[in-house]
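Since chain A is already given, all that's left is putting chain B on it; use the hints.
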Amino acid sequence: MIALGASGRDPLDITLDSVRDGAVEMADVSIHPSTLEHQAQVAEAHANPQLASNFRRAAELTALGDHEVLALYEALRPHRSTAEELTTLADQLENRGAVRNAALFREAAEVYSRRSLLKR
Amino acid sequence: MNAPSPEPIGRFRFMDAQPVNLDGLAVEDPRLGLIAFDSPHDPAPSLVLGPEDTVLEMDSRPAAEFDVLDEFIARHGLDLDVAAEAMALDDVAFAQMVVDPQTLRAEVLRLAAGMTPAKLARGLALLRPVELGMAMTKLRARRTPSNQAHVTNRSDDPLLLAADAATAAAYGFREVETTVPVLGDAPSNAVAVSIGAAVGAAGVLVQCSVEEAAELEMGMRGLVSYAETVSLYGTEQVFVDGDDTPWSKAFLTSGYASRGIKMRVTSGGGAEALMGASEGRSMFYLEARCVALARAIGAQGVQNGGIDSAAVASSVPGGVRSLMAENVMVMARNLEACTGNDALMSESDVRRTSRTLPILLAGSDFVCSGFGSIQRYDNMFGPSQWNAEDIDDFLVIQRDWGIDGGLRTAGERQVAGVRTRAVAAVRAVYRYLGLGDFTDEWAAQAVDAAGSKDVPAADLMTPLVAARIIRETGLTMLDVVTALYETGFEEEAGRILALLKARVAGDYLQTAAIFDESSRVLSLVTDPNDYAGPGTGYFPTADRQAEINAVRQQRSVDDLRAEQAAYRSGALRAVGSAGQGADPREVVIGVSPAVGREIWLTLSGLTVVEALGELLAGLEEEGCVGRIVRVNGTIDLGLIGLTAARLSGSGIGIGLQGKGTALIHRRDLPPLANLELYSVAPSVDASLYRRLGVNAGRHAKGATPEPTRNPYSDEAIEARYHTKVVALVDIERRCSDPDRGVEDLEVDR
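Chains A and B, in that order, give the protein sequences. With the first sequence counted from 1, adding 19 to any position gets you the working numbering. With the second sequence counted from 1, adding 15 to any position gets you the working numbering.
Okay, chain A solo, but in the shape it has when bound (with noise of 0.2 Å):
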């Protein structure tokens, strides 16, 4: 399976003179969501269903931007968020298509409300 970049574009045409000539974007150096899938399902074949969740998260989040993954990773430490933000994140992640990253933050406003992590 030849790999495209999350941009869509063919590594092969990734060259140090295209590098250079300023026509690579770290985005086509970025993982594809469907590569991310192929992966998950090679860590399902290596007896880590865990790591294969990994993944499939991680697919999601390829079409997030550096500082949208950088914003819910802050919001989701301790006493960063009430329940009501983190299920709204939630609500947000799920509208775009991050089911996965939706069902966590529901988890973690869930757990958090019962073991006083929210924002107080």
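Check the hints yourself; a few may be wrong.
[To be verified] Some, not all, of what chain A presents toward chain B, calculated at C-beta under 7 Å:
id, residue
1, M45
2, A46
3, N67
4, R76
[As the list claims (entries may be wrong)] Heads up, simulated SDA-like pairs for lysine to any residue below, C-alpha to C-alpha not over 25 Å straight-line:
id, chain 1, residue 1, chain 2, residue 2
5, A, K138, B, K468
6, B, K516, A, L31
7, B, K516, A, S26
8, B, K468, B, D455
9, B, K516, A, K138
10, A, K138, A, Y92
11, B, K516, A, V61
12, B, K516, A, R28
13, B, K716, A, D40
14, A, K138, B, D455
15, B, K739, A, L83
16, B, K516, A, L83
17, A, K138, B, A228
18, A, K138, B, E226
[Said to hold, decoys possible] Cβ-Cβ distance ranges computed for the label pairs, FRET-style:
id, chain 1, residue 1, chain 2, residue 2, range
19, B, L119, A, G27, 38 to 44 Å
20, B, P21, A, H98, 33 to 39 Å
21, A, H98, B, L71, 55 to 61 Å
22, A, A42, B, P34, 45 to 51 Å
If you are wondering where the hints come from, they were derived from the structure by calculation, not from laboratory data. For each residue, glycine too, the CB sits at the ideal point set by N, CA and C.
Leaving out everything else, chain B in the frame of chain A:
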């Protein structure tokens, strides 16, 4: 009057001064978490399932009381299909399966996946040290062992970082980890180390250990190629103090994968005790929770085995064994194991070697999760268990046992070459990108330096300014690739671009992935461990074994012959067959067959001619006359001395071997007896040869010789010289020829 406090006796004053007594050793104290295995407060293993695979109880705790770790593990970490079978398994039966070569790795992993933290901890706690080694050999994910280096310095000097990263890569490290004493310098360090590593070898992964979000951001910009500083802790209190939860860590883990970046998490026994929140649990049980969580959040690997708290774990009974058991637990959870041997856990060389050796022998995905490839004082993580001071030791230990610890010998010219090129590359890139300029003096010092103390020309502002520009301009690794390419470092540009492009394929996201030097991925998937007893599993290839064996210090007989030849001189010549002497003042000095032919230098560093000169001078001091003969028919020193004595007018002879061992003999003694023996050749210096000559003269005259004592040393004389002795004896034997008889020699003094 009070009695003075008694001073310990000399034996204890002496023992107290040994390095191991600087180490803090703790009385086991479960309340403080100062216990390796089986705290009375560790829970009994349990797993109660409700409808729809909900977990109602885990490790004696009902779901309503789950802390965040329990909750995440119960929801995501366990294979509930196998749980009933795994939880019912007898601990000893499981431990035996772990060790038994006939039980496949896959079967052990299948069962471990269904075990709660307490259950897996119980089984693995049964393993004795050698059984842990068996388990490690069998259970690790990747077949080929590897190793990771720290590359840091006190001044974040980009030139020195690059030179040292290139050096680390040349020595064979496949991952290089840097960090910063000054947080703001991080992006500069990441760039400098990446360039240096690319000079040293292809496919070396680089990380820069800083705060979680900052590290991810550098990864997103391509400035690092993997991450490791994603810390997990075994109690909720410490986890939250670390400003994370299992959910935030799970998200972070996916954040890395979403950019195609390899990552592993960090944990390690003793951390919770160190933070004062162990809940009275044993270190091993808390680590079992970390490892179960690591699997649950979907991390591909774990760095553990104490890590920053290794000294805490090592301070309690069984602590060092628990560090290794932690690593085995990671392997049993089907994860990449980066097996500690990181932070220095003892002042004692003996103890730290003891802590590492079983893992090195068993083989690990990464033997060290941070071998300090720089000197101790330059390690901004703190001194490592192994450091630049120990690289030669490590290489020799690999060779001693014939095992692969991931390192290889690098020659002085090779290292000088990559250091020079790494420094030039960083200078060129920083100038091209407007990040900074370096003086020629600074560059020259960085190439030559054994550490940052040797680079007084380094300017501390340079990395800070460079890092600020990298941050503010949004510069990425693609810009670094361009800079390398444009400034004539095409090979390095290609190597870094290859690492960026590897993110697209994502094969190095799989468990235990590294790149070999042909940029092929070696992982659980492509290079699975297939150990199933003797004759199976990883063996170094013939080439790799040759690389392991070829340490730079090894010498052959030919090397020694060449060394001897360099001292060849015309000052010692055969002048004909030797006859019987008649002068009662005559003492004959017999030398061995190779002297004056192949052997010219004694082990003490004196030439044979110099040693003979001293002997003759000593004889002359006593009014005696020396004559030198070569006894060609034997290499036995006693017989050489006796032959000389029998030819001597006085009946006293001296025997001298080419390597420098000497004795005084008398014509009526049996061959193996002698009057005086100077046996420690490396320690026989000019004054001792002079003394030997004097005493031989006194024996000849019937006077009383001066008592001499063989020089004593606590050095490992045999280790230093025995290989040379073997070669010298071989040369002597090849020169030995009874048909040549005994020859008179003439010496110019």
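Taking the hints in turn, this is what the structure says about them:
1. M45: holds (6 Å)
2. A46: Since chain B brings no Cβ nearer than about 10 Å to A46 of chain A, farther than 7 Å, the hint is violated.
3. N67: Cβ of N67 of chain A sits 5 Å from chain B, so the hint holds.
4. R76: Status holds, d = 4 Å.
5. A:K138 / B:K468: violated (47 Å)
6. B:K516 / A:L31: Roughly 9 Å separates the two Cα atoms, so the pair holds.
7. B:K516 / A:S26: Measuring from Cα to Cα gives roughly 13 Å; hence the hint holds.
8. B:K468 / B:D455: Measuring from Cα to Cα gives roughly 17 Å; hence the hint holds.
9. B:K516 / A:K138: violated (40 Å)
10. A:K138 / A:Y92: holds (15 Å)
11. B:K516 / A:V61: Measuring from Cα to Cα gives roughly 20 Å; hence the hint holds.
12. B:K516 / A:R28: holds (11 Å)
13. B:K716 / A:D40: Not satisfied, since the Cα-Cα distance of roughly 94 Å exceeds 25 Å.
14. A:K138 / B:D455: violated (54 Å)
15. B:K739 / A:L83: It is violated: about 67 Å lies between the C-alpha atoms, which goes past 25 Å.
16. B:K516 / A:L83: holds (20 Å)
17. A:K138 / B:A228: Given pair K138 of chain A, A228 of chain B holds - Cα atoms ~19 Å apart, limit 25 Å.
18. A:K138 / B:E226: holds (21 Å)
19. B:L119 / A:G27: 38 to 44 Å: For L119 of chain B and G27 of chain A the Cβ distance comes to about 41 Å; the hint holds.
20. B:P21 / A:H98: 33 to 39 Å: Violated, since P21 of chain B and H98 of chain A (Cβ atoms, about 57 Å apart) do not stay within the stated range.
21. A:H98 / B:L71: 55 to 61 Å: This hint is violated: roughly 29 Å between Cβ atoms.
22. A:A42 / B:P34: 45 to 51 Å: For A42 of chain A and P34 of chain B the Cβ distance comes to about 59 Å; the hint is violated.
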